[in-house]
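**Student:** Chain by chain, the residues:
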Amino acid sequence: MKKKILISLLIAICIFTSFAYTILISKNVEKIYAIDFPALGSEVDYNLKVDSDIDPVNKWKNKNISESNIIEVKNNFDSQELKNLKRIFKLDNCKEKTDKDKFINISDGSKFLEIHPNGTFMYADEDKRNSNKKMLLDDSQCVSIAESFLKENNLLPPEAICSGVLSNTLTYVDDPESKEVVSKSVRFDRFIDSKEVYGVSRVMVIIGADGDIISLYYNCRTINNNKIKKVRLRDIESAFEDVKHQKGMISVKDDAKEVVIKDVDIVYWEDSTPSSKNNYLQPVYRFRGESNNKEGKKDKFFAIVSAISDELTVKEEYTPHITSDKKELLK
Amino acid sequence: MRKLRFIFTLGLIVLLASSIVIPPSVHAANMVTVGGSVVAKYKGFSTNCPLKDLYTNIYADKFFTEITYDPLFGDPIAQKKFYFLNEDAWENDLKNNQTYDNVDDVDFMFFTGHGYRASYGYTTYNSAHYPNTNSSTPHGYKNEGADASKFLSTEATWGTSNGSATSTKWVTMHTCNFLNNITDKTLQWGKFSYNIMGGIHMICGFATQMYVDSDEGWYYGKKLREGGKIKWTFYDGAAQYQPQNSQDVAARVLCAKISNDDTLTSYSVRPLPYSQAPANSYFYQDYYIDGTDSGTDWTWPKL
Chain H
1 MKKKILISLL IAICIFTSFA YTILISKNVE KIYAIDFPAL GSEVDYNLKV DSDIDPVNKW
61 KNKNISESNI IEVKNNFDSQ ELKNLKRIFK LDNCKEKTDK DKFINISDGS KFLEIHPNGT
121 FMYADEDKRN SNKKMLLDDS QCVSIAESFL KENNLLPPEA ICSGVLSNTL TYVDDPESKE
181 VVSKSVRFDR FIDSKEVYGV SRVMVIIGAD GDIISLYYNC RTINNNKIKK VRLRDIESAF
241 EDVKHQKGMI SVKDDAKEVV IKDVDIVYWE DSTPSSKNNY LQPVYRFRGE SNNKEGKKDK
301 FFAIVSAISD ELTVKEEYTP HITSDKKELL K
Chain U
1 MRKLRFIFTL GLIVLLASSI VIPPSVHAAN MVTVGGSVVA KYKGFSTNCP LKDLYTNIYA
61 DKFFTEITYD PLFGDPIAQK KFYFLNEDAW ENDLKNNQTY DNVDDVDFMF FTGHGYRASY
121 GYTTYNSAHY PNTNSSTPHG YKNEGADASK FLSTEATWGT SNGSATSTKW VTMHTCNFLN
181 NITDKTLQWG KFSYNIMGGI HMICGFATQM YVDSDEGWYY GKKLREGGKI KWTFYDGAAQ
241 YQPQNSQDVA ARVLCAKISN DDTLTSYSVR PLPYSQAPAN SYFYQDYYID GTDSGTDWTW
301 PKL
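Residue numbers (this note's numbering), protein chains in the order written: chain H, 1 to 331; chain U, 1 to 303.
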């Protein structure tokens, strides 16, 4: 009899422990990493105002939007994808090496492919990107090359659109007139649920002078459509307080003296940098407006702050361990 | 059995002796020396300085950790010579001929903290801001333009100090606008001085505003250690870490032509200082992550 009680007790403890563990784990899974907004490396001293005719903050409040989606993105890659990438970049016969950070590196001495643990990757052809020949192709030719390459190789995310072409230049110091375009970057940004995606969420294809793809930065991840959840939005007033204190990500012309906010909406933020462990696209408030410099010249302004409350997220902590040195008279 | 014991004991003695005699790294003498001058606390240092605090200390910590990483097999390629943070970081860290180890005494030097736009606090574009005044004393109230609180490109000849060549080869300025060479014609507050190239191989930085993401330091340090070309490693970091924006963001490398392919362990001879070099010995190369100055129609995001 005693034996039976003991066994029952043990079974009960096991069930209870596994139940508690499951709850704990699932709670952790629900937590998502808070966005670690990159900070502007210079100070812009402007007065912040709100367009009183439009009254964007109250206008937003009156819309009564209380929820938005968080969307899980893919966070790995498999052997088939690795094989495909090797084929696409003609590195089939090269061996891959995995480093301490679980980056997979494949190189033939000139071309290299670097695949990150979260599934993002970059490719470059060292010889070609060092050639510095004068670029003669126009923007539309570069877009066409980049788009065809991505489509043919099934690398163009369905939500991505070509957002622009940027010219990369080389200039001899003694002769500013010598400035020459040596490559062009064709950038593809994502729109999800008709919303722009900020952060680092893009594919950038660099076209060399001869029309070759000399590098490619693939910094976005596939959406997991089965893992879309609704979350409650934080109130707009507290988000606006963040904007007033220049928290979040601020995009402002460096000579701005005054900023007028004209619009508030929700967009997404994705962190698909090589080291990112943040596996969710998160809703963020975007406060848009205009800046004026002291001559009255207008420019674009936006501020992005988190739209979900702190209790739904966990901060990715990092404690610096290298301490500052004191100056010593050594000479 | 005795023979076996003898061999085992001998082996143990040889192993112990070698661990005492052989230094931890056979290349220690040739290791790249790295120095950092880093400001994370501005407002947090003194209310006299209105600039926001940054997580540049985390950038620096990750960068140092990666670049000096000692692998299980093989040797580290770089060692930290000094790391001056916050109150220990002074403008003089970037100037020549000081009484303590600074930019003149390392192969690779980096600064990260706030940079400026022209006219802010009476500065030119190309400046690195310190909230102190070459001491633990803060600059005056809102006096960011104080000479001892801003390092300008006109204040050093990196690679030459007091007429002699220094060990400095590469400098990274992870801050806004340090390599911005636009002269504000209306203000006439100076312009970038190429004489700062006093024998160093290259400066990596930005020609525009930029953003601080501490993981960019991790990536940059890691890829440099793994043998990446310095120029391309800097661009690759910026291309993958600078966030989407509506303003211009351009990574710029100012480089002696002969040093274009430098890595930390394989690099050119010391270039002639800019002031003595023949024409077209130096160039700068720009990589845009965002922007309109590149001469294209940039339409994103729409307002």
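Just so you know, the hints here were simulated from the structure itself, not pulled from any lab data.
Predicted, not measured: the structure shown is a model, and the values here were computed from it.
Any given hint might turn out to be false.
List time: in silico DSBU-like cross-link candidates among lysine-lysine, alpha-carbon distance up to 30 Å [claimed, not checked]:
#1 U:Lys191 with H:Lys133
#2 U:Lys41 with H:Lys247
#3 H:Lys257 with U:Lys80
#4 U:Lys257 with H:Lys111
#5 H:Lys327 with U:Lys142
#6 U:Lys80 with H:Lys100
#7 H:Lys102 with U:Lys43
#8 H:Lys298 with U:Lys52
#9 U:Lys43 with H:Lys327
#10 H:Lys247 with U:Lys257
#11 U:Lys52 with H:Lys297
#12 U:Lys80 with H:Lys49
#13 H:Lys257 with U:Lys257
#14 U:Lys41 with H:Lys326
#15 U:Lys257 with H:Lys244
#16 H:Lys128 with U:Lys257
Beyond 12 Å from chain H on every Cβ pair, some chain U residues (computed) [as the list claims (entries may be wrong)]:
#17 Asn86
#18 Asp88
#19 Thr133
#20 Tyr141
#21 Ala146
#22 Thr154
#23 Gly163
#24 Ala239
#25 Gln244
#26 Ala251
#27 Thr265
#28 Ser268
#29 Gly291
A virtual CB, placed ideally from N, CA and C, is assigned to each residue, including glycine.
**Student:** Does Lys142 of chain U lie within 30 Å of Lys327 of chain H when you go C-alpha to C-alpha?
**Tutor:** Distance of about 26 Å is within 30 Å: holds.
**Student:** May I ask you to check that Gly291 of chain U keeps its beta-carbon over 12 Å from the closest beta-carbon of chain H?
**Tutor:** violated, 6 Å
**Student:** Taking the minimum C-beta separation from Ala239 of chain U to chain H, is that value above 12 Å?
**Tutor:** violated, 5 Å
**Student:** Just want to verify: Ser268 of chain U was marked as not at the interface with chain H; is every Cβ pair farther apart than 12 Å?
**Tutor:** holds, 14 Å
**Student:** Compare the distance between the alpha carbons of Lys41 of chain U and Lys326 of chain H with 30 Å, and conclude whether the hinted pair is satisfied.
**Tutor:** holds, 17 Å
**Student:** Compare the distance between the alpha carbons of Lys43 of chain U and Lys327 of chain H with 30 Å, and conclude whether the hinted pair is satisfied.
**Tutor:** Roughly 23 Å separates the two Cα atoms, so the pair holds.
**Student:** Check the non-interface label on Thr133 of chain U: least C-beta distance to chain H beyond 12 Å or not.
**Tutor:** Non-interface label stands for Thr133 of chain U: nearest chain H Cβ at 14 Å, farther than 12 Å.
**Student:** Does the structure keep Lys257 of chain U and Lys111 of chain H at a Cα separation of 30 Å or less?
**Tutor:** holds, 23 Å
**Student:** Looking at Ala251 of chain U again, its CB stays over 12 Å from all of chain H?
**Tutor:** Label violated. Min Cβ-Cβ 10 Å, cutoff 12 Å.
**Student:** Are Lys257 of chain U and Lys244 of chain H close enough, with their CA atoms no more than 30 Å apart?
**Tutor:** Since the Cα atoms of Lys257 of chain U and Lys244 of chain H sit roughly 46 Å apart, the hinted pair is violated (cutoff 30 Å).
**Student:** Hint check: Lys257 of chain H vs Lys80 of chain U, CA-CA at most 30 Å. Holds or violated?
**Tutor:** Violated: Lys257 of chain H and Lys80 of chain U sit about 41 Å apart, past 30 Å.
**Student:** Would the pair Lys128 of chain H and Lys257 of chain U pass a check requiring their Cα atoms to be no farther apart than 30 Å?
**Tutor:** With a Cα-Cα distance of about 17 Å, the restraint between Lys128 of chain H and Lys257 of chain U holds, given a limit of 30 Å.
In terms of the numbered hints stated before, the structure departs from hints 3, 7, 10, 12, 13, 15, 17, 18, 24, 25, 26 and 29, listed from lowest to highest.
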